[in-house]
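Number of protein chains: 2
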Amino acid sequence: MRIGYKVWLDNKGKAFGDGPYELLKRVDKTHSLHRAAKEMGMAYSKAWRLIGAMEKRLGFLLIERKVGGQSGGGSRITPQGKNLMNHYEGFRKDAEKGLEKIYRKHFNLWK
Amino acid sequence: MRIGYKVWLDNKGKAFGDGPYELLKRVDKTHSLHRAAKEMGMAYSKAWRLIGAMEKRLGFLLIERKVGGQSGGGSRITPQGKNLMNHYEGFRKDAEKGLEKIYRKHFNLWK
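Protein sequences, first through last, are from chains A and B. The numbering of the first sequence is the numbering used here, which starts it at 215 and goes up by one. The numbering of the second sequence is the numbering used here, which starts it at 215 and goes up by one.
None of these hints come from the bench; they were simulated from the model. The structure displayed is predicted, hence computed values, not measured ones. One or more of the hints may lead you astray.
Calculated Cβ distances over 12 Å to all of chain B for the following chain A residues [said to hold, decoys possible]:
hint, residue
1, 244
2, 252
3, 254
4, 257
5, 280
6, 288
7, 290
8, 312
With a straight-line cut-off of 25 Å between C-alpha atoms, the simulated BS3-like cross-links for lysine-lysine are [what the hints assert, rightly or not]:
hint, chain 1, residue 1, chain 2, residue 2
9, A, 243, B, 315
10, A, 228, B, 307
11, B, 319, B, 239
12, A, 220, A, 252
13, A, 311, B, 228
14, A, 270, B, 220
15, B, 280, A, 311
16, B, 315, A, 311
17, A, 239, B, 319
18, B, 280, A, 319
19, A, 226, B, 296
20, B, 319, B, 307
21, B, 307, A, 315
22, A, 228, B, 239
23, B, 311, A, 226
24, B, 280, A, 315
25, B, 319, A, 226
26, A, 228, B, 252
27, A, 239, B, 220
28, B, 280, A, 220
29, A, 319, B, 296
30, A, 226, B, 220
31, A, 307, B, 307
32, A, 311, B, 252
33, B, 220, A, 307
34, B, 319, B, 296
35, B, 239, A, 307
Computed Cβ-Cβ distance ranges for the label pairs, DEER-style [what the hints assert, rightly or not]:
hint, chain 1, residue 1, chain 2, residue 2, range
36, A, 300, B, 300, 37 to 47 Å
37, B, 271, A, 294, 37 to 47 Å
38, A, 226, B, 303, 38 to 48 Å
39, A, 323, B, 292, 12 to 22 Å
40, A, 323, B, 310, 52 to 62 Å
Quick reminder that beta carbons are idealized off the backbone N, C-alpha and C, glycines included.
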């Protein structure tokens, strides 16, 4: 037996969570939402819908909208997006550690 | 913004969680899985399937199987089931408190 859990940020609906975090992490590395989505086996259109839904609930942009230019499109995380990712990372780690500890406290001797 | 979360016990699949806990709580009060399911707007057959699936993953019975007798059917929680409910109750409360605290630590000053 083990603990199962999901955590996310909520603002009248899912505003951020592991999936979007993972997607942004890959955008940050590849500078391409296209590639990031592909790496996760997600359709590009679905990735945009997901980002758009999160941005609406968060109240700020996660990915900069600039198209073209000499270096072509290229997706960049906004400063607010990076800030959110940093906070979420710490939160996520502490949630995992905390929940494991709480689980052990109540169920370690049980089974 | 607030934290959203779900916690459950896992044993190669969901073995126990808020829904089953709520159902058992009502069985314990009403001595009737029929009534408990109805109170939760759940079909009796679905309630039995849920209980059966949990029992399989937990490895013990949650509801005693005795049918008929002078007082008719009547559903009773097994001692192991009650024990699980008690542990789950404490776990659930601590998980809520712990996660709220972790959320505040990382996001209180953020938005």
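What are the numbers of the hints the structure violates, in ascending order? As far as the earlier hints go, 8, 9, 11, 15, 18, 19, 22, 24, 26, 28, 32, 34, 35, 38, 40 are violated by this structure, in ascending order.
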